[in-house]
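Could you slot chain B onto chain A? The hints should help.
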Amino acid sequence: MTDERENGEDVTTPLLEIRGLSVSYRTRGGTVPAVRGVDLDVLPGQVTAVVGESGSGKSTTAHAVTRLLAANGTIDAGTVRFGRHDLATLSEAELRTVRGARIGLVPQDPTVSLNPVKRIGEQVAEVLRIHGLATRRSAPAEAVAVLDRAGLPDAAVRARQYPHELSGGMRQRALIAIAIAAKPELIIADEPTSALDVTVQRVILDHLQHLTEESGTAILLVTHDLGVAADRAQRLVVMEQGRVVEAGPTRDILADPRHEYTRRLLASAPSLTAARPRTPASAPKANAVPLVEVRHLVKEFRLPRTEDGPQVLRAVDDVSFTLHRGQTLALVGESGSGKSTTARLALRLTDASAGHILFDGTDITTARGARARELRRRAQLIYQNPYASLDPRFSIGEVITEPLRAFKVGDRASRLARARELLDRVALPAATLERRPAELSGGQRQRVAIARALALSPDLVVCDEPVSALDVSVQAQVLDLLAELQADTGVAYLFISHDLAVVRQIAHQVAVMRSGRIVETGPPEDLFTHPRHAYTRELLAAIPGGRAPSPTATVESTTS
Amino acid sequence: MRRYVIKRLAQAVGVLWAAYTVSFLVLDFLPGDPVTAMAGAGMDSGDVDPARLAALRHEYGFDKPILAQYADYLGRAVRGDFGDAVSTGRPVTSTLADALPQTLQLTGAALLLAVLLGGGLAVVATYTSQRWLRQLLLSLPPLGVSVPTFWVGLLLVEVFSFRLHWFPAFGNDGLRGLVLPALTLAIPTGALVAQVLAKSLLTALDQAYVETARAKGAGRWRVHLRHALRNASLPALTVVGLLVGQLIAGSVVVETVFSRDGLGRVTAAAVTVQDIPVVQGVVVFGALIFVATNLLVDLVYPLLDPRIVVASDRRASFV
Chain A
12 MTDERENGED VTTPLLEIRG LSVSYRTRGG TVPAVRGVDL DVLPGQVTAV
62 VGESGSGKST TAHAVTRLLA ANGTIDAGTV RFGRHDLATL SEAELRTVRG
112 ARIGLVPQDP TVSLNPVKRI GEQVAEVLRI HGLATRRSAP AEAVAVLDRA
162 GLPDAAVRAR QYPHELSGGM RQRALIAIAI AAKPELIIAD EPTSALDVTV
212 QRVILDHLQH LTEESGTAIL LVTHDLGVAA DRAQRLVVME QGRVVEAGPT
262 RDILADPRHE YTRRLLASAP SLTAARPRTP ASAPKANAVP LVEVRHLVKE
312 FRLPRTEDGP QVLRAVDDVS FTLHRGQTLA LVGESGSGKS TTARLALRLT
362 DASAGHILFD GTDITTARGA RARELRRRAQ LIYQNPYASL DPRFSIGEVI
412 TEPLRAFKVG DRASRLARAR ELLDRVALPA ATLERRPAEL SGGQRQRVAI
462 ARALALSPDL VVCDEPVSAL DVSVQAQVLD LLAELQADTG VAYLFISHDL
512 AVVRQIAHQV AVMRSGRIVE TGPPEDLFTH PRHAYTRELL AAIPGGRAPS
562 PTATVESTTS
Chain B
17 MRRYVIKRLA QAVGVLWAAY TVSFLVLDFL PGDPVTAMAG AGMDSGDVDP
67 ARLAALRHEY GFDKPILAQY ADYLGRAVRG DFGDAVSTGR PVTSTLADAL
117 PQTLQLTGAA LLLAVLLGGG LAVVATYTSQ RWLRQLLLSL PPLGVSVPTF
167 WVGLLLVEVF SFRLHWFPAF GNDGLRGLVL PALTLAIPTG ALVAQVLAKS
217 LLTALDQAYV ETARAKGAGR WRVHLRHALR NASLPALTVV GLLVGQLIAG
267 SVVVETVFSR DGLGRVTAAA VTVQDIPVVQ GVVVFGALIF VATNLLVDLV
317 YPLLDPRIVV ASDRRASFV
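Chains A and B supply the protein sequences, listed in that same order.
Just so you know, we're using the numbering used here here: the first sequence kicks off at 12 and counts up by one.
Just so you know, we're using the numbering used here here: the second sequence kicks off at 17 and counts up by one.
The following block holds chain A by itself, in its conformation from the complex (with noise of 0.2 Å):
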């Protein structure tokens, strides 16, 4: 199954030539095997790219390369070979002439991968300091050489400064720079943009590919987003559950995926399917009273002090919007862009500074005591991180009763006896209800938290950015689960986003948010078929698998 590659067009021998690889972490719980028997090649000046999902070792792989994993993660049986050494045996101090030098590592998230208590020239100076490839006296100035190169703007002011004082584009530069330092062969990129807004992944991954095709270097590129792979990738690796299920060059595995694995993961990629069907919008009644009436909304947030007297933050600037029972509004925009303040101030949970907000008829805007008690009944949220928003304490049946119990509904029979018709709607066994949050996956714990969003039948819920902590395959579900609950009770969403490819299985109406502005608002078809403003094209071109050939019509693009 695993060999469908070189059908005789690849005669380079490769740069990383991975043999058996196995790899276990030791738990608790007894050894678990994360990698097992992965071959994998990467050839020189190409980018090879694993995909999959959580838990499918595909990072895993990727550390064991350099030997980089984690304390309690061994190699237990395998090759890897690079140029003449084999990196699974070789001695550590040898491998530190190999590690910055001649593999560099992107990691995944940005804002946590450099050192915050020290600048990032110096950062960057220090791979070629331990290499010898700079002195003391001439790394500053090389580093901020290899900053420019890396796409960083002023490097030299840059260079000065400390990771907090940077964003996470500029951080991610940064790394960038520290793994091209060396000039290196190969550069590992574990999930290099998933922290990242989608216009920033873009331009990142564009720079990266274009340095190293320049350079010649061969990359590595570990991604959950099949989009990305299929952007990037001339030769795609796919795992599943440590093993690698299919692999060989991109076109081929996107125009026929052999694997049923491979075909889940693409019908899953919301980046490359169409949009699915979604709830019709019942089209409002006239004169229907809209459940959410925001007019002129502004939220404006007081900034430190400086010495031109008191700075202001307008994070939310005369934002209007309508939002009718049954229907779901996706308010979408990059980080900073107000989408989250803006439906914290719909459910009260933060002032506005001006505007007006009506729910179901009656003016909210400063609702307080018994009446923002009523909001908080008939409107309810999901967050983000389904890790984070259950307490780990609380067995599933507390959580989800809970607000049952904040709102003395029912008995203790009756309540259970909803948390047991909640947890059917949203599919999972009833036997859920006695464990804990840490035993349960992401996806679930997701079911979990809209299970528990929906234990008061509100009027409203809130979900911001519900699926980008799940894995693509989880994701569709969780977005068909409250499509199907939409359907059913005639719930309005206000789900917030980054994602369009998201947005475009949901919403009836798109509202994209720039600045604390809304630029342009309309149905998901029109907006992507027929983008109005500059930004709104912006993001969609950002969307990863643009590029890709759509995996039904390949054959003739394959040939050229």
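Watch out, some of these pointers could steer you wrong.
Unchecked claim - Capping the alpha-carbon separation at 20 Å, the derived lysine to aspartate or glutamate pairs in EDC-like fashion look like this:
hint, chain 1, residue 1, chain 2, residue 2
1, A, K194, A, E105
2, A, K419, A, E345
3, A, K194, A, E133
4, A, K194, A, E224
5, A, K129, B, D222
6, A, K129, B, D321
It is worth saying that the hints were derived from the structure and are not from the lab.
The following block gives chain B in isolation, referenced to the frame of chain A:
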């Protein structure tokens, strides 16, 4: 920055006032009074002329109502006058000033030892790849925290003075005399530093930036000292600030065990005879040192971690 320091100084005045007031109240609740204690200690027989005692009480103001006494003492304390020691008749400030150098030597040496030993232990314990050594080293701090100071002192004296004759068992003479008392005082303090630093080092070593450093090809020692240690030092620094108070308190026991002159002995003696002015002076002085150290620690934070901004406006809002 300047506003921040001014605000902190105002807070410090509040703390000093509170320390003064609480100690005043506590001492007032104790049975008896200093005049009786002094009279009893100074004379062999129990017959003391009641008239003389009353005169003494009047002289020191102990016959006034408690609030009046408080106002009186506080008013003078604000001007830096803590009155005269009841037992010796010398001014409290000069009594403390005479004892201070000895105690500063002791606590300073102890603090240095605590940081070096505790910090060193934490660094080595988290660096070593020998499991047994790590376990052994990490089990020392809890032991150091839990054994009583006086017992450690007696043990050290027994071994290093009486058996090995390396260091004198008591007295104030020079550096050699300082070793055992400073070590005694440093053990529980250093143990706490070690515990906190080891814990935060382990946390720091788990961070993503450590992986970045390793991926650069940095050796373990470089990763440990240049990347993890500085990030881990903040919690340890906080603890050191708090431990300065403990060191001053510990000097009472240590100076007694080793018969050293110093602030601790003065305190112990003053408490025994209920010499309220002296005890008050010690309390306020101790609070002063504590507040000053912690202000210093807060001002050092931003030097170690650039993310910490010493700001007077804490309402910097979330965006």
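How the hints compare with the structure:
1. Taking the CA atoms of K194 of chain A and E105 of chain A, the gap is about 18 Å. The hint holds against a cut of 20 Å.
2. Between K419 of chain A and E345 of chain A the alpha-carbon distance is near 39 Å, which puts this suggested pair outside the 20 Å criterion.
3. In summary, the hint linking K194 of chain A to E133 of chain A is supported, as the alpha carbons are separated by about 18 Å, within the 20 Å threshold.
4. Pair hint K194 of chain A plus E224 of chain A holds up; C-alpha atoms about 12 Å apart against a cutoff of 20 Å.
5. Taking the CA atoms of K129 of chain A and D222 of chain B, the gap is near 17 Å; set against the 20 Å cutoff, the hint holds.
6. For the proposed pair K129 of chain A and D321 of chain B, the alpha carbon gap of about 9 Å is at most 20 Å, so the pair holds.
Comparing the model with each numbered hint stated earlier shows that hint 2 is the single one that does not hold.
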